[in-house]
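> Modelling step: build the complete structure from the supplied sequences, incorporating the hints.
Quick note, the sequences are listed as chains A and B, same order.
The first sequence lines up with residues 1 to 305 when you count with the working numbering.
The second sequence lines up with residues 1 to 255 when you count with the working numbering.
Just so you know, the hints here were simulated from the structure itself, not pulled from any lab data.
Every residue, glycine too, gets a C-beta built ideally from N, C-alpha and C.
Don't take each hint at face value.
[Stated by the list, open to error] Pairwise CB distance ranges, derived in the manner of DEER restraints:
#1 A:F88 / B:H10: 36 to 44 Å
#2 A:F88 / B:A233: 27 to 35 Å
#3 A:H64 / B:S82: 41 to 49 Å
#4 B:E252 / A:Q211: 25 to 33 Å
#5 B:T144 / A:Q211: 43 to 51 Å
[Said to hold, decoys possible] A partial selection of chain B residues facing chain A, derived with a Cβ cut-off under 7 Å:
#6 M1
#7 Q3
#8 Y47
#9 E48
#10 M50
#11 L51
#12 K145
#13 G158
#14 E216
#15 C220
#16 G223
#17 A224
#18 Y226
#19 A227
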Amino acid sequence: MIDLTVELPGLKLKNPIMPASGCFSFGQEYNQFYSLNKLGAIMIKAATQEPRLGNPTPRVAETHAGMLNAIGLQNPGVTTIIEEQLPFLQSFDLPIIANIAGSSIEEYVYVAKTLSDSAAVAALELNISCPNVKEGGVQFGTDPHIAAEVTRRVKEVSKVPVYVKLSPNVTDIVEIALAVEAAGADGLSMINTLTGMKIDLDTRKPLLANQVGGLSGPAIKPIAIRMIYQVYQAVKIPIIGMGGIVTATDVIEYLLAGASAVAIGTANFQNPLVCSDIIDQLPSCLTEYGFTSIKDVIGGGHDDN
Amino acid sequence: MNQIDASVCHLENIAHATFKLVVKVDHEYLSFIRPGQFVHIQIGQGYEHMLRRPISIADFDLETGQLTVIFKVIGEGTRKLSELTEGSVINLLLPLGQGYPIQQLSLKKALLIGGGIGVPPLYLLAKQLVDRGVSVTTVIGFQTKDDVFYHEEFSQLGKCYVTTNDGSYQHKGFVTDIINLEQLTADYYFSCGPTAMLKAVQSTMVNCPGYLSLEERMGCGIGACYACVISNAEQTAYKKICQDGPVFAASEVSL
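Below, the structure is given as C-alpha cells:
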C-alpha cells in the first residue's frame, strides 16, 4: 500500500488532493457525490470582511480546454461563513484551509484574525491574486513590496500557518515568491488564474460582464508547471500546486515540478467526482511510474533530487 | 442528484437548429424529476470542453425509461450534441435545480408562457398539470415559422396560441400581445424564455401569481461556483439560478 500522506505546516494530509478555492464553495454540494472525508483537505471559497455581491452575469465562459470566470469574490462575509458554513465542514475529518481576500491590508488582517481565532481552520490561504475585483486582489500580488507587507501583517495576527496564493500575471513570479517567503509565509499556493478575455461574435463585445476574467483549466497547466518548477528552486517553503489538473498523472507532474500537494478546481465542473477519482487512481498511477510514496515524487523533476 | 451515463435512443432536428434528444436512463433516476428541472450534459470525452451544458427536461417516460431534452445549437458544445449518434453514451448530472412547485399549489386554471428554447420545460409541466385536472392554456413565441416546434403537442393538452415575431406562423407579435388581446387569465402562470420576454410577462401578468424559469451561463450546475446568479426582488442579494432556481416565484427575483 502506497503511503499517500503529506505533512505541511499546519496540515496533516491523508492524501495530497484538495479542491481549489472558489470551485467547491463550502463543500456541501459535492458532499452529495462523495464523502468529504476522502479529501486531503479543502480550500474554501474566499472570505472578505463584509458580504460581497460579486460581478454581474455572465460570469463564466468556456474556452478551449478551459474556462474564464469573473465571479468577483461573492461571499456572505467572514462572520457568516464561520457561523453558517464551518460547523458543517468541522463534522468531517478534513483540514480546512480558509481563503482570505480584501480591498485593504486592514481588511486582510481583520479576516485573517477572525478566521484563525475561530479555531475552525487549519491554515489560511492569502488570496493576493484574484484578478476579478476592482479593488484589492491582484494588485497586492503583483508588487513584491506590497505582497510582502500584507503577508507580514497577516502573519502577525494569524494563529495558523499562512499559504500565500501567487498570481501568474507577473513578470517574475520568483521575485514575489521570495518576497513573501522573507515576510514569513509558511507556504505558497500557485497558480491563481491568468487574466483573459473572450469576445462574443454576435454582440461583438466581450462576453463576460466584467469583460476580463481568470483563465483556468488544462489550458494553463504548462504555465503552472513552469512557474512551480522555477519557484521550487528558489524557495524553501512548501508549494501547493494548482492549474488545470484533471488526472492522477497531472498530479505526479505537479509533484515532480515541486508541489507538495495539489488543488483541483475547474475539473470539478466537468466531473463532480474528479477529486475522489484521482485519489482512487493515484496509488496505481504512482506504482506505474515506479514510486513507492508521495514523498519520493515531490521535487523529483529537479536535477539535484 | 446523480452523475450517470445515458445512451442516445433518438436525435431529431425538429425546427431550425433545434434538436430533440431522447436518452435511456434507469427508472430510479426518473421518478424524482419535477417539471422545470434540468440535466447538465458533459460535452465529448476528453478535456476540450470543461463546462457541461444545462438543458431543461422536456419530458420523461417511466415505462420506457426515456428522458427527452430539446436544445438549440448556439455554439460548439451544442453543435457536438447535435452530432451524437444513436447508441452513443453521454454523461448527465440529474435532476438539477428546483422545478415548478405545482404539488404545493391549488389551481384550476394555468397559463403557460414560453419563448424559443424556453418552451421545452413547459411541455412536461403541461402534461403533469393536465394529469392533475388543471385546465392548461399555452402561449408560445418564436422568431419565425422555421423555429416553431411542439405546437401540436401543446394543442393536445389544451388551447395553444403561437406567436412569431415576423408573423410567418399564426399570430404576429410577442407572447404578451396575445395575452393582452385575448385577455388571458389564470390562477397561476408559468413562464420560461429569454430574459426580455420574462420581464414583459412579469409586468403583463402583474396581478396574477406566477413562476419564472431563468437561463444563464452555468459552471458547476449544483450551486458551488456562483457563476449563475439573479438579484432578489429587493436587489440586496443574489440567488443561485442552478440551485435555488432555475424556477423562481415571479415576485422573488429582479430581472
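> Determine for every hint whether it applies to the structure shown.
Status of the hints after comparison with the structure:
As the Cβ distance of F88 (chain A) to H10 (chain B) is approximately 42 Å, the hint placing it in 36 to 44 Å holds. Judged by the Cβ atoms, the range 27 to 35 Å given for F88 (chain A) and A233 (chain B) holds: they are separated by roughly 28 Å. Distance hint check: the CB atoms of H64 (chain A) and S82 (chain B) are about 20 Å apart, inconsistent with the given range 41 to 49 Å. Under the hint 25 to 33 Å, the C-beta atoms of E252 (chain B) and Q211 (chain A), about 29 Å apart, fit the expected range.
The beta-carbon spacing between T144 (chain B) and Q211 (chain A), approximately 32 Å, falls outside the hinted interval of 43 to 51 Å. At its closest, the beta carbon of M1 (chain B) sits 6 Å from a beta carbon of chain A; the interface hint therefore holds under the 7 Å criterion. Hint status for Q3 (chain B) relative to chain A: holds, with the closest Cβ pair at about 6 Å, below 7 Å. The closest approach between the C-beta of Y47 (chain B) and any C-beta of chain A is roughly 5 Å, which is under the 7 Å cut-off, so the hint is satisfied.
For the restraint placing E48 (chain B) at the interface with chain A, the shortest Cβ-Cβ distance is roughly 6 Å, inside the 7 Å limit, so the hint holds. Interface restraint check: M50 (chain B) against chain A, minimum CB-CB distance 5 Å, threshold 7 Å, status holds. At its closest, the beta carbon of L51 (chain B) sits 4 Å from a beta carbon of chain A; the interface hint therefore holds under the 7 Å criterion. Against a cut-off of 7 Å between C-beta atoms, the interface hint on K145 (chain B) is violated, since the closest Cβ of chain A lies about 22 Å away.
With its C-beta approaching chain A no nearer than about 34 Å, G158 (chain B) sits outside the 7 Å limit, and its interface hint is violated. For E216 (chain B), the suggested interface contact is upheld, since its CB lies about 6 Å from the closest CB of chain A, less than 7 Å. Because the smallest distance between the Cβ of C220 (chain B) and any Cβ of chain A comes to about 5 Å, under 7 Å, the interface hint for this residue holds. Interface hint at G223 (chain B): satisfied, since its Cβ lies 5 Å from the closest Cβ of chain A, which is below the 7 Å cut-off.
For A224 (chain B), the shortest C-beta to C-beta distance to chain A is roughly 4 Å, which falls under 7 Å, so the interface hint holds. Given the 7 Å rule on beta carbons, the hint for Y226 (chain B) holds: about 5 Å separates it from the nearest Cβ of chain A. Nearest Cβ of chain A to the Cβ of A227 (chain B): about 4 Å, under the 7 Å cut. The hint holds.
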